[in-house]
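Spelled out, the chains give:
Number of protein chains: 2
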Amino acid sequence: MRDFSNDHSALALNTATLGHNLPGRGAGWSPEQVIDACAARGYGGIVFWQRELGRAAAQIGDRVRAAGMEVTGLCRTPYLTGSEAGTDAAVTESIDTAAALGAPVLTIVTGGTELGSKGLDDSRKRLAERVAHHADHAAACGVSLALEPLNPMFGGNRTCIFTVRDALDICDMVGKDNVGIAVDVYHVWWDTTLAESLLAASGHILGYHLCDWLENTRDMLLDRGMMGDGVADLKGIRAAVEAAGYNGKCEVEIFSAVDWWARSPDEVLDVIVDRFRSCC
Amino acid sequence: MRDFSNDHSALALNTATLGHNLPGRGAGWSPEQVIDACAARGYGGIVFWQRELGRAAAQIGDRVRAAGMEVTGLCRTPYLTGSEAGTDAAVTESIDTAAALGAPVLTIVTGGTELGSKGLDDSRKRLAERVAHHADHAAACGVSLALEPLNPMFGGNRTCIFTVRDALDICDMVGKDNVGIAVDVYHVWWDTTLAESLLAASGHILGYHLCDWLENTRDMLLDRGMMGDGVADLKGIRAAVEAAGYNGKCEVEIFSAVDWWARSPDEVLDVIVDRFRSCC
Chain A
7 MRDFSNDHSA LALNTATLGH NLPGRGAGWS PEQVIDACAA RGYGGIVFWQ
57 RELGRAAAQI GDRVRAAGME VTGLCRTPYL TGSEAGTDAA VTESIDTAAA
107 LGAPVLTIVT GGTELGSKGL DDSRKRLAER VAHHADHAAA CGVSLALEPL
157 NPMFGGNRTC IFTVRDALDI CDMVGKDNVG IAVDVYHVWW DTTLAESLLA
207 ASGHILGYHL CDWLENTRDM LLDRGMMGDG VADLKGIRAA VEAAGYNGKC
257 EVEIFSAVDW WARSPDEVLD VIVDRFRSCC
Chain B
7 MRDFSNDHSA LALNTATLGH NLPGRGAGWS PEQVIDACAA RGYGGIVFWQ
57 RELGRAAAQI GDRVRAAGME VTGLCRTPYL TGSEAGTDAA VTESIDTAAA
107 LGAPVLTIVT GGTELGSKGL DDSRKRLAER VAHHADHAAA CGVSLALEPL
157 NPMFGGNRTC IFTVRDALDI CDMVGKDNVG IAVDVYHVWW DTTLAESLLA
207 ASGHILGYHL CDWLENTRDM LLDRGMMGDG VADLKGIRAA VEAAGYNGKC
257 EVEIFSAVDW WARSPDEVLD VIVDRFRSCC
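These protein sequences, in sequence, are chains A and B.
With our numbering applied, the first sequence corresponds to residues 7 to 286, in that order.
With our numbering applied, the second sequence corresponds to residues 7 to 286, in that order.
Where hints are given, some of them may not hold.
Remember, identical chains collapse to one label, so a pair may be satisfied in a single copy or spanning two.
Stated by the list, open to error - Pairs of lysine-lysine residues, derived as DSS-like cross-links and limited to a Cα-Cα distance of at most 30 angstroms, are as follows:
id, residue 1, residue 2
1, Lys124, Lys241
2, Lys131, Lys182
3, Lys131, Lys241
4, Lys124, Lys182
Hint data in this document are derived by calculation from the structure and do not stem from the laboratory.
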């Protein structure tokens, strides 16, 4: 297991942690300001959201690399299943944006259950079909697709996969080398079978996301905790992720309307470095 | 698999479905009014909450039986783990109330993670110790203890077991014949491994709870759906529960502040019978 206590070069920022810098969510920093602030603190990478980039993806990617960091990934495709599923054209656009940005990984939050269906079989079949449909174009662009299982509270309208095992089942159904899994501690910390599922998913893990699960979660979407403030066994989970062969960046992604989005980005970025070295 | 299409004698009401009849939650019916209304519609059983009974548990139990129904169970012990864990005296009181009521099953919602702990091992060890400590007195009272896994959104402050497999692990740690599992579709509908976990839990299933998971869940606690209005595969789950040997009552438990608690109890009880026969 890697020792981060004096080295945070494996640390990546997901810009959601600064409220996407959208009006009313965070301080409104531009992508360029985020890049400079992360580089100044020795972050190793940044993960952007498609809506932050507009037509400037290539320039933003170049600026990240010129600052000595990597673009770790892009969030995310439109939903692929459920009543809010996006079009194939929108999925292709997100793949092309990842390619322009130079992001090796594009995250997939699957979307919810198919209209009128009961249970998850129909939704997962549709999910696998759509991922397979887009995987070859992604591969031609040098982009891998990372299926992210979500906490079961997001069943119904946001996801149809809930565990690393679920995500691995979809990988197996799709059968493409550039389709894998994003592991987020917020979504999987509670899973007793996580270590064995991660071992089974060895070689398929494309990303590792950090935050913490607060003892008292006040909001389903926007009350994630800073690492160390919650109850997740962050070091134990990372040990299992690394035992399964993952040695890439660790991406901090904290949706926190009432706490961290209300603080200055400089403070948030400093606290992340400290907690990454001490708690993760 | 049992055929309920023309027979709802296996249907039990959990009084939470009528808002516990507390002020501001439901119509304020007394336990006696609930008993009469269920008996008039041919319900097979009722599950009460301890706080509704006061010192009248024995009389209420007798009234249920005199009306031709059974007391299916009692909700619930205080939490056994986490920062809001109850005392041993309070646990004993809930067991004694179940005995007085003539309830064969007392539900356990475990409580959350132990203070200062990371992950779930410490909490589960403490849970198993406390369940074992109380199991013999419960057995002497003719009461079985049913561990109820909760949806992972309730990790942290409400539960430290999330799946049937988790609950079975605790049963194995406790090793007492009168300790088993309550299976609630709301909490486990998403679990791909449910059928295999239920088979492994054969002989340990002490209760089966019905409601539905709505596509768009607006509140973590109080937005459960009526059977048929959501995305859970209710017939598939019951088939798996019965394949594991359970043939007891099916208990409808719907926490619904904005919908079903705002309706008349008569309407709610009628809809339940209809949906039980058609959707479950």
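Of the hints given before, which are not true for this structure?
-> none
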